[in-house]
Amino acid sequence: MKMAIRVFMLLVFIMCTSRPISSLYEDQVGLADWHQQYIGKVKHAVFHTQKAGRKRVIVSTEENVVASLDLRHGEIFWRHVLGPKDVIDQLDIALGKYVITLSSGGSVIRAWGLPDGQMVWESRLQGSRPSRSLLVIPKNLKVDKESIMFVYGNGYIHAIANTDGEVIWKKDLASEGFEVHQLIYSDGSDALYAVGLIDSSWVGVYQLKIKNGAVLAHEKLLFPGGFSGDLILVSNDKAVTMDASGTNLVVIRLRNGQIYFHPTPITEFILDFSGVGIILPSKMPQMFILRTETSATFFKVVNEDELRVVEKLDLASTISDSIPLSEGDDACAVIQQDDDKIILTVKSNNNDWTSNLAVEKIQMDHQRGQVQKVFLNSYVRTDMSNGFRVLIIMEDHSLLLLQQGEVVWSREDGLASIIDVKVSELPIEKDGVTVTKVEHGLLERLKWHLLKVKGSLMIATPDDLATIQKTRVSSSDKTKMTRERNGFRKLLIVLTRAGKLVALHTGDGRIVWSLLLNSHWRSKTCEIPRFFSLHQWQDPHHHALDENPSMLVIGRCGDNLNSAGVLSIVDAYRGKELDHIGPVHSIFQVIPLPFTDSLERRLHLLLDANQQAHLYPRTVESLGIFQQELGNMYWYSVDRDESILRGHGLKKTCLVEVPDNFCFDARNVWTIVLPSDTEKIIATATRSPNEVVHTQAKVTSEHDVMYKHISKNLLFLATVTPKAEQPIGSVTPDASSLTVYVIETVSGRILHRVTHPGSQGPVHAIFSENWVVYHFFNLKAHRYEIAVVEIYDQARAENKDMLKLVLGAHNLTSPVTAYSRLEVSMKSQSYFFTHSVKAMVVTQTIKGITSRQVLVGTIGDQVLALDKRFLDPRRTVNPTQAEKEEGIIPLTDSLPIISQSYVTHDLKVEGLRDIVTFPAKLESTTLVFAYGIDLFFARLAPSKTYDSLTEEFNYALLLITILALVVGIFVTWIWSEKEELQDKWR
Amino acid sequence: MAPVLLLLNLLLSLAVAPYAFQSDELHDDEFVGLEGAQYHDPAAVSPPSSSPATTTRRRSADTGSDSDSKVQFALEHAFGDSDFSPAGTFSARLKSSSQGGQILTKLRFTRDTFSQTEQDNFKKLLEDDDFYRIRIPSNVVNQPGREYIMSSVKARCLAQDTLDELLVLHMEGVNILAVSYGPPGLCQYPSNIKSPRKWSFKSHTFLKYGDMAPRSQVFTEAAVEENVEDETAKPPEKSFWAKYWMYLIPLGLIVMNAVTQAMNMPEEQATGQAPAVAAGRGQATAVRRR
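Note that the protein sequences, when read in sequence, are chains Y and Z.
Using our numbering, the letters of the first sequence map in sequence onto residues 46 to 1031.
Using our numbering, the letters of the second sequence map in sequence onto residues 859 to 1148.
Calculated from the structure, these hints are not laboratory results.
Quick list of in silico lysine-lysine cross-link-like pairs, BS3-like style, CA-CA up to 30 angstroms:
#: 1; chain 1: Z; residue 1: K982; chain 2: Y; residue 2: K696
#: 2; chain 1: Z; residue 1: K1066; chain 2: Y; residue 2: K725
#: 3; chain 1: Z; residue 1: K1101; chain 2: Y; residue 2: K929
#: 4; chain 1: Y; residue 1: K825; chain 2: Z; residue 2: K1066
#: 5; chain 1: Z; residue 1: K981; chain 2: Y; residue 2: K696
#: 6; chain 1: Y; residue 1: K757; chain 2: Y; residue 2: K743
Sequences are here, hints too, so could you generate the full structure?
Dropping the structure here:
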């Protein structure tokens, strides 16, 4: 009895003290989320394979990442993401233990420890004017027992100590308009040569003393006609360049401080030459490569200044820098492409580059496009001969290591530069596909359930626990290629900067298919395709079994806004291009319309630079649908430079030479002119077009009804004083103010306009339902603030009387037109917030019932979920009991940051650029995808999963408990029967 | 202790007072309504005066200070995609604002009546359900400023008994940012092609300046104050039962358990003796049976 009491008390105690925990348990990480790390398109690569330790390659990328990769597997040893403006110009290894990066146009030099990536030192180099940046690290050069390197940047040559980054001397050479193209240091000499051009027509050479940078000699010589392009060094005393016309090769010889020119016309070597030749930047002894319109030609400089053609290659070939093999012997790699194979040839300097050290043919995925860069590295094979490995960068920005005719590893680094993301449903499960799978895995499933039971009864061994965790994370259920009831499994279709469309599975983030559109689009008329956006073209619901969804990819031919547009329609299941339109009219803006045709294709309106609208798909049916709604089409445009907003409507036709039924002229409906001397537009936000709002009314604690003003035509606009556009700190609070607007975009009316004095951008804003949340910097308080504005409809505020509603004396069913006078009231409040923000979005659920969360991409590259309840303008210092019951939190100075509410846990989404959320089929759950250099995907339940049992729920344990209870009942029944019988016998 | 707290409270409230004060002063949202006193606006403080739309009434009392200067700017209109033509004149006074710069006050508006062609044009708009467009300069001092402010409304929205219109000019100093143009009430939908009986305008005009963003009083002090209040005036005590019911119920159960146990004890003792008796009885019966 005493025991029973104790157990009971203990249970009571446990029940009293335990609380539901909102955060994640350690073993739940990786169940519904995944994280992928990338580095971006590689610009420079330096191999580090000399020592016996781990072989690695150091790379710097276009995403400003410097990273050390494992040469065996391609994994990241360490990685650093520099700031968005801190572009890495040069990369090298010094003293065999430091990685040296020169960035920001040659003004920041850093040394990173090779094994662990710790920063060793950083130096800021002052300069007078921007120039190219060069880095020369001599092997063994010591000045006063300090080993040094030479850096050219911002017009100065610096000598810098390798070990601590101290600037030993610096020399300004930019004063006379001299631009250094090459720094030459030959081992053992005590002079550094700087070769460059003055006004593109003089060649200048400076000889500098290594000890202190004093000018030992200076020579310059005029080349009549001038040069074009860079000086390419072929040896320590010879350089080549092109003359201004681009038709003559000029060999520049420097001997004993004298400069000699030797021009030769290209036609002497290439008989069918026309146009302009370009010398490709390369580092090869006595060699250079000339690129003409038809070919790439290897030239060798022989006998002082004579030129000789060594080899002619087609344009598609890519050539690496040469590497030294042994004394006087160099090798370089040439990669040529042949349909789905790439041919790697390693050429040797011996015998005039005609002998090949290795020729390998490697099968290559068609969707990677052409090879863009090659880096060659050699190693000593087991038979003491030279082996070669090459690192290649493909058109889709992926990185591959080739060795012995095989792809050793590959990295999909194109995913580090995602432009746009859309989501697509997976195919519906068809009969006969999954049943067999279930039967097949029945035994495994039983085993797995048994293990789970063991785990929950805490009798599992550590090995068992490990198996449980592994099975949970890699459960085949979540990686299936079919639709499921909860809608967690989807395809993420992402468009990368390289022009590749990639479908990622939300279950584990693997690539389902990829399609390189860049190569499809490139043609004579469209040389440099630029990708723009991705839209849902067809999303079949009624024909889901026999039609595949498809995506519309939109791009331009060139960087200019006026360049011709290109459209592609891609099957979302198979990754095949279904249709290709273009080049067509320029594309300025894309408006997906809320109409679909009988094939469930969405109508799109594409606006060009001449303010004409073009309708897609170009079918009679879509035109019919569109013309019915023509009068109700409005859009707005924001001219940021002029601070002018314009509203537009459509005319019935279009004034073009060729009659086009699908083209419509725009008409200006309204104009808002902001005073350009006091206001500059910095941010806009609108509601997401497919957002669902569950209820239009909000019942307050006083049993009062507030009607939300819900309109899809509202625009949030933020302006600052022009001075305050600069970074924080460059303007005083008095000279800066932030003004925000809420504008109705059909009639061009300003609904709300307030000024935050002493505040400035950057402004991040989200518009959802009837509220706007925006983030800005308060200069007076030296803190960031998040402000909220809620818009309530006053015109319907009278509709509270039940009797009136019953009698129909209300205006709830009257047609709503944007031209009626709007009676709205605003409630607003602002709160301090600790973080600066990179991106801000709001969670979306399928029916909009679940309370919303604001997802904040913090400066630390994490995603923080903030309940909308904290951003309620109705919060007061002392909420009444009724208000508390309604869920109003007492007013606080600043928004709390609860460390458990980081969606990304302890992970970082390096270089975070944007976050997208899309609903699952389960109302409580929303899916979040954050991307930057890294990718992160997670499932989020803003109000907990109230509508389903979690995946973690142990059905087996429930079953066993029930069974045990049933057995218990029987046992006790039999037992009691026996007892009774015995009693009766007594 | 209590006096100290009270004193602290007093001090705090004194300290807070200047900060807590927030001026409710606004820019003069000066407005002059011409015609249409029936129209209600919550922001309007004084009832709008009314006068025939076609005449301009000047009140000698409104001359203001001598430094004020008058400005005039035109309202132009267009029917559908036609060109703009003058349709009315705004006149106002420039006043130097307390924050520096100039602001506009005492706005008056004179609307020209529609000519016969304009009436025909308007009827055409009604038939086509097209836009009636207006524009005004974006700067009242250097007219027309960088660009005209434009606004459009479907003609059907204006056509009531007379032509009703509401113009709200959003101002920033002497710049006009935007004009909200439309009917003063609901816009009828769908279109009625009935043209208005009277071709005169009932115009309501407002000037609107921007507001300052609200910011609640310095919270920290308020929070401290609140805490002090908590110390002094405690909320009404909960009853003993409401506070400790969760402990009392199990305790009660235990007690009940113990009691039943205690009650069982004597029984058990009683039953302890019983076997002997029973045995005795058994014997007795056995004897009896024999």
